[in-house]
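Participant: Chain by chain, the residues run as shown.
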Amino acid sequence: MKVYLKVWRQRNAQDPGRFVDYTVDGINPDMSFLEMLDVLNNRLISQGEDPIAFDSDCREGICGTCGLYINGRPHGPLPRATTCQVHMRHFKDGETIVIEPWRAKAFPVIKDLVVDRSAFDRIIQAGGYISVNTGQAPDGNAIPIPKEDASKAFDAATCIGCGACVAACKNASAMLFVAAKVAHLGRLPQGRIEARERVLNMLSQMEKEGFGGCTNTGACEAECPKGISLENIAFLNREFIKAKISF
Amino acid sequence: MELRAQHGLLKSLVAKKILMALTGLFLCLFLVVHLSGNLQLLIPGYSGRLQFNSYAVFMTHFPLIKIISYVLYLSIIIHVLDALVLTIRNRRARTVDYAVKSGYGSTFASRNMGILGSLILIFLVLHLANFWYKYKFGEMPYMVSPEGHYVSQKGEAIPGAVLKEGHLWVDGVDKGPAMKDLYEVVRLAFGQSWIVAIYVLSMIPLGYHLAHGFQSGFQTLGLRFGKAFSVIRVAGWLFAIIIPLGFAIIPLVFYFFPEKLN
Ligand code: HEM
Ligand code: SF4
Ligand code: FES
Numbered sequence: 007m008k009v010y011l012k013v014w015r016q017r018n019a020q021d022p023g024r025f026v027d028y029t030v031d032g033i034n035p036d037m038s039f040l041e042m043l044d045v046l047n048n049r050l051i052s053q054g055e056d057p058i059a060f061d062s063d064c065r066e067g068i069c070g071t072c073g074l075y076i077n078g079r080p081h082g083p084l085p086r087a088t089t090c091q092v093h094m095r096h097f098k099d100g101e102t103i104v105i106e107p108w109r110a111k112a113f114p115v116i117k118d119l120v121v122d123r124s125a126f127d128r129i130i131q132a133g134g135y136i137s138v139n140t141g142q143a144p145d146g147n148a149i150p151i152p153k154e155d156a157s158k159a160f161d162a163a164t165c166i167g168c169g170a171c172v173a174a175c176k177n178a179s180a181m182l183f184v185a186a187k188v189a190h191l192g193r194l195p196q197g198r199i200e201a202r203e204r205v206l207n208m209l210s211q212m213e214k215e216g217f218g219g220c221t222n223t224g225a226c227e228a229e230c231p232k233g234i235s236l237e238n239i240a241f242l243n244r245e246f247i248k249a250k251i252s253f
Numbered sequence: 111m112e113l114r115a116q117h118g119l120l121k122s123l124v125a126k127k128i129l130m131a132l133t134g135l136f137l138c139l140f141l142v143v144h145l146s147g148n149l150q151l152l153i154p155g156y157s158g159r160l161q162f163n164s165y166a167v168f169m170t171h172f173p174l175i176k177i178i179s180y181v182l183y184l185s186i187i188i189h190v191l192d193a194l195v196l197t198i199r200n201r202r203a204r205t206v207d208y209a210v211k212s213g214y215g216s217t218f219a220s221r222n223m224g225i226l227g228s229l230i231l232i233f234l235v236l237h238l239a240n241f242w243y244k245y246k247f248g249e250m251p252y253m254v255s256p257e258g259h260y261v262s263q264k265g266e267a268i269p270g271a272v273l274k275e276g277h278l279w280v281d282g283v284d285k286g287p288a289m290k291d292l293y294e295v296v297r298l299a300f301g302q303s304w305i306v307a308i309y310v311l312s313m314i315p316l317g318y319h320l321a322h323g324f325q326s327g328f329q330t331l332g333l334r335f336g337k338a339f340s341v342i343r344v345a346g347w348l349f350a351i352i353i354p355l356g357f358a359i360i361p362l363v364f365y366f367f368p369e370k371l372n
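Keeping their order, the protein sequence lines are chains G and D. Each number in the numbering used here comes from the position in the first sequence (counting from 1) with 6 added on. Each number in the numbering used here comes from the position in the second sequence (counting from 1) with 110 added on.
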């Protein structure tokens, strides 16, 4: 198959950037989207041109690095999938595909389609953890946890920090990402101890990084490759209210 | 873990959003009260006119209602200013926009709450100027009984009374303030096609605003527990249809079926 690409090219953070058109021919429909870009990059390199910079690592939907904004949607047209899980058979032969980087003030473009997501790391450092002393591994069943809490905490813990929620949100808000971590830890007894500091610190860091606020549009939930639910944001809001009325 | 967050009560985005939700849901409650009051306009004949005008007296004189009405004015102002601050902050979080957008997973209403709200605000200003300002500060007609007597604020027709500076006088004795005829002001306004058009069309942005806002308010306050939230969502849609429809019916009846009100 053959596709026409419009790819965002930007030399560095200072460069204003522009779209460049590429035609990629002879694609096997069972190639992944990233493999299609690999084919294009091989050609560019052999022509002595600068290959398109994009992030990827695991290529099996677990690391969250492969953030590409494809035809107006983070990670392309498949629900609950990362870019690396999207295959060329999900596109039409002869289709024009527009590829952009995540757009958020807090995710500055480093080069082409690669953005700096270290803002997420700083949010996690602000409170996305529990403080425990090192030593022997504790008995896994020493603290009983109701099944429902364990399941919900686990669902929230599946966030891979890809940033699709930010990319999809009209406010470039990181609420779903923050909520996933607040709910993951806050639903478990080990996480309750620092629940108040966690929610306030993480939200405060989120704002410092320049992310917007949540307006409950639901775009993040729909685009999240792990199906993190808006219920987690409601949980975060409850944690915030509790934190503000307890001193 | 040390607390490193900012401390002001309303500093954070989430706190500002909670304020939006509280004022917004209070306004939703107000809409219910306002609509039930206004539907009295559809009671035909003199008794309907008397009931509506007495209701207007009650709403402007009963002390508790007065306090609630100040809370209401304040809520509208806070809701609008907060909306402005949040919308600007949220816009700034994306400095370079996408070339292609799909809006996938979000509704039209949720993406345009600021514009929908601004349309409601324009309507609100027109609406307050039409009726509220006129009732409180403007030139008003006074209520007259079928026998041609002026009517007191208590709703009694007073034979032989003359009107002077808003009070009714019989043989030089002040019988108290006369009842203003707000019903007549409404009737005259809703006899004009352009006013009817504005009142009916403005209910469209209101409906969309509520379609997102109602359930969003609960989500913002963290009031979302499993299946109960589906009920809130459905209630929100019903609210967004029934309330604007209820308001729209009033000008339509006045314009197209005035004889039904006689
Ligand atoms: C009768 C009048 C109104 C009612 C009943 C109402 C109701 C609501 C409700 C319930 C919410 C959701 C609260 C939340 O989740 O935070 C909301 C949000 C909002 N309202 Fe209103 N509102 C009214 C008028 C206005 C006006 C006059 C404006 C603006 C100029 C406005 C602008 C907004 C905005 C920008 C939001 C935030 C939406 C978002 O987060 O995406 N509203 N409103
Ligand atoms: S919440 Fe979903 S979309 Fe957001 S970072 Fe986590 S996995 Fe990615
Ligand atoms: S490359 Fe790891 S999730 Fe796509």
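Honestly, the hints are just simulated from the structure, not real lab data. One should not assume that every hint holds.
List time: in silico DSS-like cross-link candidates among lysine-lysine, alpha-carbon distance up to 30 Å [said to hold, decoys possible]:
| # | chain 1 | residue 1 | chain 2 | residue 2 |
| --- | --- | --- | --- | --- |
| 1 | G | Lys214 | G | Lys117 |
| 2 | D | Lys211 | G | Lys117 |
| 3 | G | Lys158 | D | Lys176 |
| 4 | G | Lys176 | D | Lys126 |
| 5 | G | Lys153 | D | Lys211 |
| 6 | D | Lys211 | G | Lys98 |
| 7 | G | Lys248 | D | Lys211 |
| 8 | G | Lys8 | G | Lys153 |
| 9 | G | Lys8 | D | Lys211 |
| 10 | D | Lys211 | G | Lys12 |
| 11 | D | Lys211 | G | Lys111 |
| 12 | G | Lys214 | D | Lys126 |
| 13 | D | Lys370 | G | Lys232 |
| 14 | D | Lys211 | G | Lys214 |
| 15 | D | Lys337 | G | Lys248 |
| 16 | D | Lys211 | G | Lys232 |
| 17 | G | Lys214 | G | Lys248 |
Bear in mind the structure is a predicted one, so any value in this text is a computation, not a measurement.
Participant: Does each hint hold? Answer for all of them.
Facilitator: Hint check results:
Note on Lys214 (chain G) and Lys117 (chain G): the hinted pairing holds, with a Cα-Cα distance of about 23 Å set against a maximum of 30 Å. For the hint pairing Lys211 (chain D) with Lys117 (chain G), the CA-to-CA distance comes to about 21 Å; that is within 30 Å, so the pair holds. Using a Cα cut-off of 30 Å, the hinted pair Lys158 (chain G) and Lys176 (chain D) is violated, with the two alpha carbons roughly 47 Å apart. Distance restraint check for Lys176 (chain G) and Lys126 (chain D): the Cα-Cα separation of roughly 18 Å lies within the 30 Å cut-off, and the hinted pair is therefore satisfied.
Of the pairs offered as hints, the one joining Lys153 (chain G) and Lys211 (chain D) is violated, with about 40 Å between alpha carbons and a cut-off of 30 Å exceeded. A threshold of 30 Å between alpha carbons decides the hint, and for Lys211 (chain D) with Lys98 (chain G) the separation of about 19 Å falls inside it, so the pair holds. Proposed proximity of Lys248 (chain G) and Lys211 (chain D) is contradicted: the alpha carbons are some 37 Å apart, above 30 Å. Between Lys8 (chain G) and Lys153 (chain G), the direct Cα distance comes to roughly 50 Å. Violation of the 30 Å bound is thereby established for this hinted pair.
Among the hinted pairs, Lys8 (chain G) with Lys211 (chain D) is consistent with the structure: their alpha-carbon atoms are about 23 Å apart, no more than 30 Å. Restraint check for Lys211 (chain D) and Lys12 (chain G): the C-alpha separation of about 14 Å stays at or below 30 Å, so the hint holds. Distance restraint check for Lys211 (chain D) and Lys111 (chain G): the Cα-Cα separation of roughly 17 Å lies within the 30 Å cut-off, and the hinted pair is therefore satisfied. For the hint linking Lys214 (chain G) to Lys126 (chain D), the alpha-carbon distance of about 16 Å falls within 30 Å, and the restraint holds.
For the suggested pair Lys370 (chain D) and Lys232 (chain G), the alpha carbons sit about 59 Å apart, so the restraint of at most 30 Å is broken. Distance check on the hinted pair: Lys211 (chain D) and Lys214 (chain G) sit about 26 Å apart at the alpha-carbon level, within 30 Å; holds. Taking the CA atoms of Lys337 (chain D) and Lys248 (chain G), the gap is about 23 Å. The hint holds against a cut of 30 Å. Between Lys211 (chain D) and Lys232 (chain G), the direct Cα distance comes to roughly 21 Å. Compliance with the 30 Å bound is thereby established for this hinted pair.
Taking the CA atoms of Lys214 (chain G) and Lys248 (chain G), the gap is near 22 Å; set against the 30 Å cutoff, the hint holds.
Against the hints set out earlier in the document, violations occur for numbers 3, 5, 7, 8, 13.
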